[in-house]
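Asks: Read off the chains here:
Protein chains: 2
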Amino acid sequence: MAEGEISTAAVLVIGDEILSGRTKDRNIGYIADRLTDAGIDLKEVRIVSDVRADIVDALNALRARYTYVFTTGGIGPTHDDITADSVAAAFDVPIDVDERAVKTMLERYEKADLTEARLRMARIPQGAELIANPVSKAPGFHIGNVFVMAGVPAIMQAMMDDVVPHLKGGQTMHLQSIEAGMGEGAVAQPLSALQDAFPDVSIGSYPYQRDGKFHTSLVLRSRDTVRLDEAARQLHTILADIRNGKPD
Amino acid sequence: MAEGEISTAAVLVIGDEILSGRTKDRNIGYIADRLTDAGIDLKEVRIVSDVRADIVDALNALRARYTYVFTTGGIGPTHDDITADSVAAAFDVPIDVDERAVKTMLERYEKADLTEARLRMARIPQGAELIANPVSKAPGFHIGNVFVMAGVPAIMQAMMDDVVPHLKGGQTMHLQSIEAGMGEGAVAQPLSALQDAFPDVSIGSYPYQRDGKFHTSLVLRSRDTVRLDEAARQLHTILADIRNGKPD
Chain A
1 MAEGEISTAA VLVIGDEILS GRTKDRNIGY IADRLTDAGI DLKEVRIVSD
51 VRADIVDALN ALRARYTYVF TTGGIGPTHD DITADSVAAA FDVPIDVDER
101 AVKTMLERYE KADLTEARLR MARIPQGAEL IANPVSKAPG FHIGNVFVMA
151 GVPAIMQAMM DDVVPHLKGG QTMHLQSIEA GMGEGAVAQP LSALQDAFPD
201 VSIGSYPYQR DGKFHTSLVL RSRDTVRLDE AARQLHTILA DIRNGKPD
Chain G
249 MAEGEISTAA VLVIGDEILS GRTKDRNIGY IADRLTDAGI DLKEVRIVSD
299 VRADIVDALN ALRARYTYVF TTGGIGPTHD DITADSVAAA FDVPIDVDER
349 AVKTMLERYE KADLTEARLR MARIPQGAEL IANPVSKAPG FHIGNVFVMA
399 GVPAIMQAMM DDVVPHLKGG QTMHLQSIEA GMGEGAVAQP LSALQDAFPD
449 VSIGSYPYQR DGKFHTSLVL RSRDTVRLDE AARQLHTILA DIRNGKPD
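Protein sequences, first through last, are from chains A and G. Residue 20 in this note's numbering sits at position 20 of the first sequence, and the numbers go up by one each step. Residue 258 in this note's numbering sits at position 10 of the second sequence, and the numbers go up by one each step.
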């Protein structure tokens, strides 16, 4: 697994409504699923408020560190929609109403209805490419390694459909999920030894409660299916030994 | 609204399972609600993977900047649970099995069942205070301005119950939510003017879709109820004027 082959990503969620608890984010999990399917490792997520300096700082930190950055939120017509201007500031490029964006918006709006406020949605940083919005026509955009999308889940999802085919995915990450049939404390020690033996397989242990009992999902992830199968086989043996009361 | 009176907060979610999409986070929204109720401004959220350097970097950035930092996840018994050790590293203090933590865990486990793996859950950085875990007994802890909690939602929520009464809340943020009855493009311009007139009231505009139509929730937030009521009164007038076709 050469480090160079793997695409990484970060998500930057922009919006006071998430931080105040008023709106519960549904975009992070969706983007995480799509990236995992595409063989891209989501490495970090940040949620920041509608403050320009905070957006610029977070964006510059993330775009320097990861292959791709996906932002959601803050590209509507109101005064608190400052994402496009913040992205332009981060890239230090001019921003203005973009004729391509106006053209797509005219598929939905009459020319007379393209008020100054609605034209805010056509403000695109210089050098950016548009991301299609089949739902409400106001486009997202991509500049450098940053993809700027809407916050409304249906629109964001449609934009991801436009974006994902253009991403350079790594080798797909394969996954095997195994129910331990016991609390994670019981399996922790041999699991740690298994992880040491398989550095190329990421082994996660996820406790959860159901019907008042503690359960554990063990998840093995690797880009190498042969090693993944071997680790899973050994894990099944470990779990069977614990159930049969064999010492470690 | 003196800046000095206001407590701020950040949340640091630790866990590969969120970033891979396997688990959908349910903790951020809960903590956001609890903090808002307590009059504390949640300013930033980060989600990082189970990598010590990433946890330490994020924690040090956040704890320097905000009044409080709340972490979730990574305090179980398995090899991928590295939050406690990472927090100790961030604060540069020793960490070892804590007798207070062992004592609370003995309320659930027989002494013989406190294996080396389970005792990982009793590792607490020097100088930290415990956070009670009535659900499964392995405690969280708080050190400096950082509160370290479990990732399992039921346990995290119980830990927040223990923590919140000890926080220094600001003056409660009051909120009025008004349905615009129109898309946000229609109200954007007068809304921006209203925001300019009420710098002490935070005005958010949140578009959403229902039954194929676009709607807009307008949310006014302020610590000053008189100003909040006045802004809301003016907003109702603005919306009525738009519906009646009056010019801006």
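Careful: at least some of the hints might be erroneous.
To be verified - Taking CB as the label site, the calculated pair distances span:
hint, chain 1, residue 1, chain 2, residue 2, range
1, G, D305, A, N145, 16 to 24 Å
2, G, N492, A, K24, 29 to 37 Å
3, G, L354, A, R65, 39 to 47 Å
4, A, R26, G, A402, 15 to 23 Å
5, G, E347, A, G181, 45 to 53 Å
6, G, A441, A, A112, 51 to 59 Å
7, G, G460, A, G245, 58 to 66 Å
8, G, K272, A, K213, 20 to 28 Å
9, A, G127, G, N492, 39 to 47 Å
10, G, H463, A, L175, 34 to 42 Å
Unchecked claim - Derived list of chain A stretches under chain G, where covered just means 3 residues or more per stretch with a C-beta under 8 Å from a C-beta of chain G:
hint, segment
11, 41-47
12, 184-194
13, 199-205
14, 209-221
15, 228-235
What the hints assert, rightly or not - Straight-line distance between alpha carbons at most 25 Å, and here's what the computed BS3-like set of lysine-lysine pairs gives:
hint, chain 1, residue 1, chain 2, residue 2
16, A, K213, G, K416
17, G, K351, A, K213
18, G, K416, G, K461
19, A, K137, G, K272
20, G, K351, A, K24
21, G, K272, A, K24
22, A, K103, G, K461
23, A, K111, G, K385
24, G, K359, G, K385
25, A, K111, A, K137
26, G, K359, A, K213
27, A, K213, G, K461
28, A, K137, A, K103
In case anyone wonders, no lab produced these hints; they're calculated from the structure. Glycine included, C-beta positions come from ideal geometry on N, C-alpha and C.
Asks: Does each hint fit the structure? Answer for all of them.
Replies: Against the structure, the hints come out as follows:
Range check, G/D305 to A/N145: about 21 Å between beta-carbon atoms, so the 16 to 24 Å window is met. Taken as a hint, the range 29 to 37 Å holds for the pair G/N492 and A/K24, whose Cβ atoms sit roughly 35 Å apart. Between G/L354 and A/R65 the CB atoms are about 44 Å apart, so this pair conforms to the stated range of 39 to 47 Å. Look at A/R26 against G/A402: about 21 Å separates their beta carbons, and that is inside 15 to 23 Å.
At roughly 32 Å, the beta carbons of G/E347 and A/G181 sit outside the given window of 45 to 53 Å. Separated by about 21 Å at the C-beta atoms, G/A441 and A/A112 break the suggested range of 51 to 59 Å. Take G/G460 and A/G245: their Cβ atoms lie about 60 Å apart, and the range 58 to 66 Å holds. One distance hint, 20 to 28 Å for the beta-carbon pair G/K272 and A/K213, holds here, with the actual separation near 22 Å.
Between A/G127 and G/N492 the C-beta distance comes to about 43 Å, which sits within the given range of 39 to 47 Å. Separation of G/H463 from A/L175 is about 38 Å and conforms to the stated range, judged on CB atoms against 34 to 42 Å. Note: the segment 41-47 of chain A has 7 residues with beta-carbon separation from chain G under 8 Å; the three-residue rule is met and the coverage holds. Residues of the segment 184-194 of chain A with a Cβ under 8 Å from some Cβ of chain G number 7, which satisfies the need for three, so the listed coverage holds.
Given as covered by chain G, the segment 199-205 of chain A passes the check, having 4 residues with a CB less than 8 Å from a CB of that chain where 3 are the minimum. Counting residues of the segment 209-221 of chain A whose CB falls under 8 Å from any CB of chain G gives 4; the rule of at least 3 is met. Counting residues of the segment 228-235 of chain A whose beta carbon lies closer than 8 Å to any beta carbon of chain G gives 0, which falls below the threshold of three, so the coverage claim is violated. Distance restraint check for A/K213 and G/K416: the Cα-Cα separation of roughly 35 Å exceeds the 25 Å cut-off, and the hinted pair is therefore not satisfied.
With a CA separation close to 22 Å, the supplied pair G/K351 and A/K213 stays within the 25 Å bound. Under the criterion of a C-alpha separation no larger than 25 Å, the hint pairing G/K416 with G/K461 is inconsistent with the structure, at around 42 Å. Restraint check for A/K137 and G/K272: not satisfied, since their Cα atoms lie roughly 29 Å apart, outside the 25 Å limit. Among the hinted pairs, G/K351 with A/K24 is inconsistent with the structure: their alpha-carbon atoms are about 37 Å apart, more than 25 Å.
Among the hinted pairs, G/K272 with A/K24 is consistent with the structure: their alpha-carbon atoms are about 12 Å apart, no more than 25 Å. This hinted pair checks out: A/K103 and G/K461 have alpha carbons roughly 22 Å apart, not beyond 25 Å. Between the alpha carbons of A/K111 and G/K385 the distance comes to roughly 64 Å, so the proposed pair goes past 25 Å and is violated. At most 25 Å may separate the alpha-carbon atoms for a hinted pair to count; G/K359 and G/K385 meet this at roughly 14 Å.
Our distance criterion of 25 Å between C-alpha atoms is met by A/K111 and A/K137, whose separation comes to about 14 Å. At roughly 20 Å between alpha-carbon atoms, G/K359 and A/K213 fall within 25 Å of each other, so this suggested pair holds. For the given pair, A/K213 sits about 44 Å from G/K461 by alpha-carbon distance, which is inconsistent with the 25 Å threshold. With a CA separation close to 9 Å, the supplied pair A/K137 and A/K103 stays within the 25 Å bound.
The structure fails to meet hints 5, 6, 15, 16, 18, 19, 20, 23, 27 from the earlier list, while all remaining hints are met.
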